[in-house]
Amino acid sequence: VLKAGGSYVPLDPDYPVKRLQFMLTDAQVAVLLLQPGIDSLLPEPEVPQVMLEPQPCNEPRAHLENPRAGVKASNLACVYYTSGSSGQPKGVMLEHGGLVNYTHQIGTKSSMSSADRILQVASISFDISAEEIFTALTWGATLVLRDEQIPETGARFFSSCEQQRITWISLPTTYWHMLTSAVNDNSCQVPATL
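So for the sequence shown, the working numbering puts the first residue at 1; every next one is plus one.
By construction, these hints were calculated from the structure, which means they are not laboratory data.
Pair ranges (Cβ atoms, derived):
1. 185 - 84: 30 to 38 angstroms
2. 128 - 87: 16 to 24 angstroms
3. 84 - 181: 26 to 34 angstroms
4. 52 - 113: 25 to 33 angstroms
In silico DSBU-like cross-links for lysine-lysine, where the CA-CA straight-line distance does not exceed 35 angstroms:
5. 3 - 109
6. 90 - 72
7. 109 - 90
8. 3 - 18
9. 90 - 18
10. 3 - 90
11. 72 - 18
12. 3 - 72
13. 109 - 72
From the three backbone atoms N, C-alpha and C, an ideal C-beta is built for every residue, glycine too.
Whenever a hint applies, use it, and build me the whole structure from the sequences.
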């Protein structure tokens with residue numbers, strides 16, 4: 001979507017249908033991209049739908065040129081919706097320039113490289129997912145998709161990180177509190193890879 005010059009609104013299929021319908025309408029979504037199995041969980045939109053299905057790559061080499069989409073730094077990249085805890089959810093717009101600058105700073109400050117493995121923890125509908133996804137992709141790191149549930153103890157979480165050779169994570173504050181308490185209690189250790 002971004003390479004084609006568009007902007008996206010991530011929709012979590014676990015959200016209530018009314019919330020998803022509101023987001024689709026409020027953001028004035030032009031097309032809904034779906035994947036098999038999730039399409040039945042979403043509301044029936046009044047916009048065109050495109051089913052994304054895995055396709056074998058029969059082309060012997062990848063296209064090396066970027067498409068000429070005419071995207072500028074000030075163009076909209078994505079819209080994330082707040083929780084709506086204080087009323088109606090609000091769309092927060094992120095421009096291409098902001099996303100580029102942010103991921104550049106994260107990668108530079110953390111000396112990101114192709115040897116890194118970033119754990120994608122956040123829901124696709126939460127803005128921190130852009131940090132995880134785009135930092136990995138722009139710095140050549142490996143993006144490791146998490147299992148459906150994050151382990152509920154520090155020991156299990158760190159064990160999972162060690163098994164997957166995770167080098168970088170970004171977690172909500174409450175989860176950091178749980179992990180630091182577990183380390184302080186000596187019930188687990190931070191993996192050497194992290």
